[in-house]
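> For reference, the chains in residue letters:
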Amino acid sequence: MLGHDAPVDTPPRDQVVDRLTVLLTRMLRPDAPITERTQLMDELGLSSSLGLELLLALEDELEIQIDVEELDEDRMATLGDLADYITANSTPR
Amino acid sequence: MRDAVRVWILAAAVPADALARYRAVLDADERDRAARLGTGALRDRFTVAHGALRVLAGRATGAPPAALTWCRGRYGKPALTGPWSGLHTSLSYSGDLVAVALSEGRPVGVDIQHVAPGGDPVSASARFFHPREARHVAAGPGRAGRALRFARLWARKEAAVKAAGGRLWPNLGMPVHRGDVVECVDSAGPYRLTDLRTPAGYAVAVALTGDRQYAVECRTDLGDDR
Chain A
1 MLGHDAPVDT PPRDQVVDRL TVLLTRMLRP DAPITERTQL MDELGLSSSL
51 GLELLLALED ELEIQIDVEE LDEDRMATLG DLADYITANS TPR
Chain B
1 MRDAVRVWIL AAAVPADALA RYRAVLDADE RDRAARLGTG ALRDRFTVAH
51 GALRVLAGRA TGAPPAALTW CRGRYGKPAL TGPWSGLHTS LSYSGDLVAV
101 ALSEGRPVGV DIQHVAPGGD PVSASARFFH PREARHVAAG PGRAGRALRF
151 ARLWARKEAA VKAAGGRLWP NLGMPVHRGD VVECVDSAGP YRLTDLRTPA
201 GYAVAVALTG DRQYAVECRT DLGDDR
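Taken in order, these protein sequences are the chains called A and B.
To convert, note that position 90 of the first sequence is 90 in this note's numbering; the numbers rise steadily by one, no gaps.
To convert, note that position 14 of the second sequence is 14 in this note's numbering; the numbers rise steadily by one, no gaps.
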């Protein structure tokens with residue numbers, strides 16, 4: 001039985017990767033398939049304003065809140081990097 | 001004499017001969033970055049943006065454009081190195097346009113935003129902006145009006161952050177709607193913003209470090225003797 005201090009569930013990394021892949025494919029319609037190693041800015045040309053749109057859509061889909069205070073370009077170089085950041089810096093809402 | 005910033009707003013689509021001239025002044029790293037981009041339009045826009053920056057900074061410094069070198073700050077802001085470090089540069093591109101800004105003495109940031117039809121500016125501003133700014137976006141006239149208000153605020157925030165050399169995300173809550181002198185929280189300090197007249201469907205803002213007034217000279221071509 002879970003107590004009041006049970007850890008809250010954050011989405012597993014695989015689920016974050018999957019949803020990011022779907023959302024980016026829908027938003028940017030890239031020529032090549034998107035993978036964890038796809039570079040968001042250097043290959044897809046993701047702008048910061050599209051990045052914000054992406055995070056907002058992900059928050060809605062997974063019903064989470066992402067803490068963006070520590071986010072910077074180095075932490076979202078690839079899709080895998082961004083998935084790592086989100087997995088470590090989000091809370092259910 | 002007042003400080004001055006020069007801004008060029010340029011078309012990203014250029015004839016093949018002009019594109020080749022821009023490509024010729026890029027360094028190996030820039031050509032590699034251009035080649036990695038996933039579509040021809042992205043590659044060409046990158047080449048025009050970085051090529052134009054080199055041509056314009058070369059004119060301002062008297063250096064050959066291909067010889068200029070930048071180093072990256074803690075959060076990635078590029079700064080001219082060595083004998084050219086007194087000239088501050090900033091670069092932005094969005095949609096079909098490129099913006100280049102040059103400033104002597106005061107660090108500069110420029111940002112251009114294509115007002116995209118998609119997205120949800122009301123939810124985005126409610127989630128990430130100051131509450132007063134979120135209300136301003138939500139009260140915009142129609143869908144296009146709300147998108148334009150969001151893009152204008154976003155360009156102002158990003159221009160200030162680029163002048164500061166800081167991180168965008170922790171500064172998204174920075175109020176920029178009322179008053180042109182704003183305070184960044186990350187790389188703390190005052191920055192003076194100016195909105196620029198732009199083609200329909202775009203928003204452009206420029207920022208210089210410090211609160212002193214400055215003049216803005218804005219052009220839409222290279223002027224051109226290249």
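Be a bit skeptical, because a hint or two may be false.
[Unchecked claim] Part of the chain A face toward chain B, derived, beta carbon under 7 Å:
{"no.": "1", "residue": "P30"}
{"no.": "2", "residue": "T35"}
{"no.": "3", "residue": "D42"}
{"no.": "4", "residue": "G45"}
{"no.": "5", "residue": "S48"}
{"no.": "6", "residue": "E53"}
{"no.": "7", "residue": "L54"}
{"no.": "8", "residue": "L56"}
{"no.": "9", "residue": "E63"}
{"no.": "10", "residue": "D67"}
{"no.": "11", "residue": "E69"}
{"no.": "12", "residue": "L71"}
{"no.": "13", "residue": "E73"}
Calculated directly from the structure, the hints in this document are not laboratory data.
From the three backbone atoms N, C-alpha and C, an ideal C-beta is built for every residue, glycine too.
> For each hint, tell me whether it holds in the structure or not.
Verification of the supplied hints:
1. P30: Because about 5 Å separates A:P30 from the closest Cβ in chain B, which is inside the 7 Å limit, the hint holds.
2. T35: violated, 12 Å
3. D42: This hint holds: A:D42 lies near chain B, its Cβ roughly 5 Å from the closest one there, short of 7 Å.
4. G45: Since chain B brings a Cβ to about 4 Å from A:G45, closer than 7 Å, the hint holds.
5. S48: Holds, about 6 Å.
6. E53: holds, 5 Å
7. L54: Hint violated; A:L54 Cβ to chain B Cβ min 10 Å, cut 7 Å.
8. L56: holds, 5 Å
9. E63: violated, 14 Å
10. D67: violated, 9 Å
11. E69: OK, holds: A:E69 within 7 Å of chain B, min 5 Å.
12. L71: holds, 4 Å
13. E73: holds, 5 Å
Taken one by one, the earlier hints fail for this structure at numbers 2, 7, 9 and 10, listed in ascending order.
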